[in-house]
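Protein chains in written order, with numbering that gives the first Met the number 0: chain A, 0 to 283; chain B, 0 to 283; chain C, 0 to 283; chain D, 0 to 283.
Simulated from the structure, these hints should not be mistaken for laboratory data. Some hints here could point you the wrong way.
Which residues of chain C face chain A? A partial, calculated answer using Cβ under 7 Å [claimed, not checked]: (1) PRO196; (2) LYS213; (3) ILE231; (4) HIS233; (5) VAL236; (6) HIS243; (7) SER244; (8) LEU248; (9) LYS278.
Output of the computed footprint for chain B on chain C, the stretches with three or more beta carbons under 8 Å from beta carbons of chain B [claimed, not checked]: (10) 104-115; (11) 121-132; (12) 215-224.
Short, incomplete list of chain B residues facing chain A, as computed with Cβ under 8 Å [stated by the list, open to error]: (13) PRO16; (14) ALA23; (15) ILE26; (16) ASN29; (17) ALA36; (18) ASP37; (19) ALA63; (20) PRO224; (21) VAL225.
C-beta: ideal position from N, C-alpha, C; glycine also.
Number of protein chains: 4
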Amino acid sequence: MDNVLTLTALLHGPDSPGIVARTAGWIFENGGNILHADQHCDAEAGMFIQRIEWLPAADAVAEAQRFRVFANSLGMEVKIGLSTERPKVAVLVSKQGHAFHDLMLRWTAGELPCEIAFVASNHTTWETAARQSYQVPFYHIPVTPETKDEAELRLEALLREHDVQLAVMARYMQVLSKAFLQRCPIPVINIHHSFLPAFAGARPYLQAYARGVKLIGATAHYATPVLDDGPIIHQAVAPVNHRHSVNDLVRRGQDLEKQVLAQAVCWHLQNRVLAYGKKTVVFD
Amino acid sequence: MDNVLTLTALLHGPDSPGIVARTAGWIFENGGNILHADQHCDAEAGMFIQRIEWLPAADAVAEAQRFRVFANSLGMEVKIGLSTERPKVAVLVSKQGHAFHDLMLRWTAGELPCEIAFVASNHTTWETAARQSYQVPFYHIPVTPETKDEAELRLEALLREHDVQLAVMARYMQVLSKAFLQRCPIPVINIHHSFLPAFAGARPYLQAYARGVKLIGATAHYATPVLDDGPIIHQAVAPVNHRHSVNDLVRRGQDLEKQVLAQAVCWHLQNRVLAYGKKTVVFD
Amino acid sequence: MDNVLTLTALLHGPDSPGIVARTAGWIFENGGNILHADQHCDAEAGMFIQRIEWLPAADAVAEAQRFRVFANSLGMEVKIGLSTERPKVAVLVSKQGHAFHDLMLRWTAGELPCEIAFVASNHTTWETAARQSYQVPFYHIPVTPETKDEAELRLEALLREHDVQLAVMARYMQVLSKAFLQRCPIPVINIHHSFLPAFAGARPYLQAYARGVKLIGATAHYATPVLDDGPIIHQAVAPVNHRHSVNDLVRRGQDLEKQVLAQAVCWHLQNRVLAYGKKTVVFD
Amino acid sequence: MDNVLTLTALLHGPDSPGIVARTAGWIFENGGNILHADQHCDAEAGMFIQRIEWLPAADAVAEAQRFRVFANSLGMEVKIGLSTERPKVAVLVSKQGHAFHDLMLRWTAGELPCEIAFVASNHTTWETAARQSYQVPFYHIPVTPETKDEAELRLEALLREHDVQLAVMARYMQVLSKAFLQRCPIPVINIHHSFLPAFAGARPYLQAYARGVKLIGATAHYATPVLDDGPIIHQAVAPVNHRHSVNDLVRRGQDLEKQVLAQAVCWHLQNRVLAYGKKTVVFD
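I would like the entire structure built from these sequences, with the hints used as guidance.
See the structure below:
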């Protein structure tokens, strides 16, 4: 079903009987054809969550708007997208480039349904790569303890100016402040280089080495005001042993970071992820 | 949702618009509440497949029967089960007991929603274990080239007599004949000790050792008249290296065999697997 | 090389040049033939660790004794075993039997090079299985807050009486006291049902569920006076998602627990594991 | 031990008692200090294989030469390298760039201990990337059925001219002829996009899709005159299900291909791989 125009809706709201029938009925009556439908009911939270992808009947944009009205009438919030839309994404990076290059190459290869609005960094390491190899704007936003507030204001302005809908921290080695995250209008996906909740905070590979674990991990999560505590989207691990130095853990971990971050970003862009409380539902 | 009475339907038939809406609508109108619904459309085969699990309104048995009539009216074949039903399963084993014990212990622990109708074997190795440890009937059906037809007739009679709905070959080291499989009224799940289609046939671990592969595998599939060629339900692999002898491959592989077979049997019993052609859909 | 009489030495001590040459030279001069040799140098700890397995020249028992004297003369501590020796192991279990049955079945199948001296439990759930299915002594040692000291003294007496060399906590749901572990003359392997250091302590699956992780784990480690903090021998993980209830995590996790514990016990029995500080070297 | 000058020898030859002691003794007597030593004896083939890494005493180049003479005197063939050496590697690529970019980025990041002598391709797709992003020579060698012999002669000339010691087929979609491989003076590593020996030959993802497997794989192997039959260095798999189209398998498989190929190339460059017959020993 590559290259076919579809609508994808991600709904959530209080659980009530018959929602599956109502949404499927609406689409059928409006001439649409459901390709995929998946739902989840969190009984503890009393929440119903559904993802539906369908072939619309005629005018997809109008149908999306009418479906939104319908879903709201059921008491559901809804995020709805056309398969032809390409939301704008900002990539934040520092000196380590593995996750940055991986994302940009996947984007170049057509794996990520988005536009890269810009790359921003507190260093200039990847300025040439961003501009020349990947042909995207690059902003250098230096950060010092004194200028951190100012730098975050500049980043926020850029996100608004470019109409960015998702920010990705591709090993951006600055902790975004609570104030920034609270007023940030869009989701921010971060990759933490450990199997959270183990080894939150600084230098997780060194922590893992000191503890003598036999697996290292990487965790992609939505950034929240509490450091490394946001809803987890994806995690993966790789085996390590006594022969591995801290540097070996770093190298092995970078492969995990790349894959876990790219997968999380891709799922997010495909409207597959809903975060609520400390959890996510991922309709993969 | 453990211990709640639910209905689970597995439908398949020619794809046509609105099936999702119709089945969901029927359940809603009949007072049911959908807990899970998953579907798949194989565009090449023009086939629609759906699994729905719901809380029925009142009389589950009657509702199951009415749903069957409804599904047939849509041109769909349907297999429908109550969560309280425990289909009868026969376990076939030879001398190697790892997969047999694993299944029986999981069954004892309540992991497999079925009754073990009997254990049958061409050897008596596990007769005491079957009867005393697991408290199930055991039938010794010796097989020689001369008595193979007769043995299969006896097995078939036992399956019918006990009203068995699934046979599991837990390392049963006899090839069931085409004739048996063609007239066998129930599905047969086999575990092959390789990553099919690599190393079909005899002595797969020896073949894997000779080829120098770096991963060994196990494959659970439905037995069909063509050896090791049936629809695959589940597969898993484990790493091996030059230090491993053929015996080491056997030992490592046994862990795979146990897990892969148990998972396949469990999915089958939960009405999660539909086989068509050489493929399966597994709604996990 | 199954069924061949070999010697296996596990040495450790301060690193100094030439140890590899000296040990290999000693074995060669004494007519032995090295089958495997592996070593590790922890530069930070200044420690050299080696595992050598060889075919001895003539009298294996005498050669083992002479090698010990030789290794000590190099300033190395050494643990040395004959492949024909079967150290005595005690298995501790509570009500949940999956890890217990898994160990016993592997032992019955010849996978674990040991004798099971006895099974001890604070419940009687597995008394019949231990005695009749597996034909090993069973001791019921009830534990209440009031009788805990007494119970541990009884366990300690049994370990000494049976000349046990390894105790395995196969989901033994009692925390062994600091006092017991400090005076316990033998290593104790525990299986913790999480990916340590995440979710140490009680109810790790519930903790994992609440945190919304996407992988659950199991960790085999040597028990030390600090709970869930001992040197890690082996770890494994399995994916989970929003569809899994806490009970599903428990069921999935049990498969991990079985494999991780059995692998750790097997490596220990094969003289492959050396613990020092908070780490282990595993020569697998 | 990063950035320390070491010698690494990979020896193989007929097994005879005392080789471990002799090589370790030689290094010790010559003032070296062994960092790692691993060996394997293939009893069926009567072959002994060893990898030793050590800190040399003084003049590493001279010591390497003297060790070679010593190893030959034991009847062993030996490949010996200094950790500061960077063998020259040629990368062959066609239109699909994922494996090419992955290798080049790892090389740029310092993960691969080699020089990239040149990139050659039957297309010009990656000419700019090779020259500008990665700053390496690029040769366009078009291949048609009529010009294949000529193209291979040109490739061979380039390999000799640049003194290349390893060629890597990073999804180079041409089958190298038997004649080329027989006269090729250096090893060639290929990545096959299936779990060999399953799905050798053309379009493995389509074959895997048609067979309905539940895991797809990638295999790095040394190219030999028989297609997809060379000694396997590394393999990995990833799960797939009925939701995945052939294109999905391709995308998922590309991640496997990248990692498996990069790992195989890295091991080869670190003198960790010895191929003999249809097998490899990998001292990882």
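We went through each hint and held it up to the structure:
Checking C:PRO196 against chain A: minimum C-beta separation of about 5 Å stays under 7 Å; hint holds. Because the smallest distance between the Cβ of C:LYS213 and any Cβ of chain A comes to about 4 Å, under 7 Å, the interface hint for this residue holds. Using the Cβ-Cβ criterion of 7 Å, the hint placing C:ILE231 at the interface with chain A is satisfied: the shortest such distance is roughly 5 Å. Taken as an interface hint, C:HIS233 checks out: its beta carbon lies about 6 Å from the nearest beta carbon of chain A, inside 7 Å.
A distance limit of 7 Å between C-beta atoms decides the matter here; for C:VAL236 the minimum to chain A is near 5 Å, and the interface restraint holds. Interface restraint check for C:HIS243: the shortest CB-CB distance to chain A comes to about 11 Å, outside 7 Å, so the restraint is violated. Violation of the interface hint for C:SER244 is found here, the shortest Cβ-Cβ separation to chain A being roughly 9 Å, above the 7 Å cut-off. The beta carbon of C:LEU248 comes no nearer than 13 Å to any beta carbon in chain A, farther than 7 Å, and the hint placing it at the interface is violated.
Nearest Cβ of chain A to the Cβ of C:LYS278: about 3 Å, under the 7 Å cut. The hint holds. Three residues within the 8 Å Cβ limit are the bar, and the region 104-115 of chain C against chain B gives 3, so the coverage statement holds. Counting residues of the region 121-132 of chain C whose beta-carbon sits less than 8 Å from any beta-carbon of chain B gives 3, enough to reach three: the coverage restraint holds. Proximity of the region 215-224 of chain C to chain B, defined as three or more residues with a beta carbon under 8 Å from a beta carbon of that chain, is not established by the 0 residues found.
Hint on B:PRO16 holds. Least Cβ distance to chain A is approximately 5 Å, under the 8 Å limit. With a cut of 8 Å, the hint placing B:ALA23 at the interface with chain A holds, because the nearest CB-to-CB distance is about 4 Å. Because the smallest distance between the Cβ of B:ILE26 and any Cβ of chain A comes to about 7 Å, under 8 Å, the interface hint for this residue holds. About 10 Å separates the beta-carbon of B:ASN29 from the nearest beta-carbon of chain A, more than 8 Å, and the hint is not met.
For B:ALA36, the interface hint holds, the least distance from its beta-carbon to any beta-carbon of chain A being 6 Å, beneath 8 Å. Look at B:ASP37: its Cβ gets to within about 7 Å of chain A, closer than 8 Å, so that hint holds up. For B:ALA63, the suggested interface contact is broken, since its CB lies about 18 Å from the closest CB of chain A, more than 8 Å. The criterion of a C-beta within 8 Å of any C-beta in chain A is not met by B:PRO224, whose closest approach is roughly 34 Å, and the hint is violated.
Among the interface hints, the one on B:VAL225 is violated; its C-beta lies about 32 Å from the nearest C-beta in chain A, farther than the 8 Å criterion.
When held up to the earlier numbered hints, the structure conflicts with 6, 7, 8, 12, 16, 19, 20, 21 and fits the remainder.
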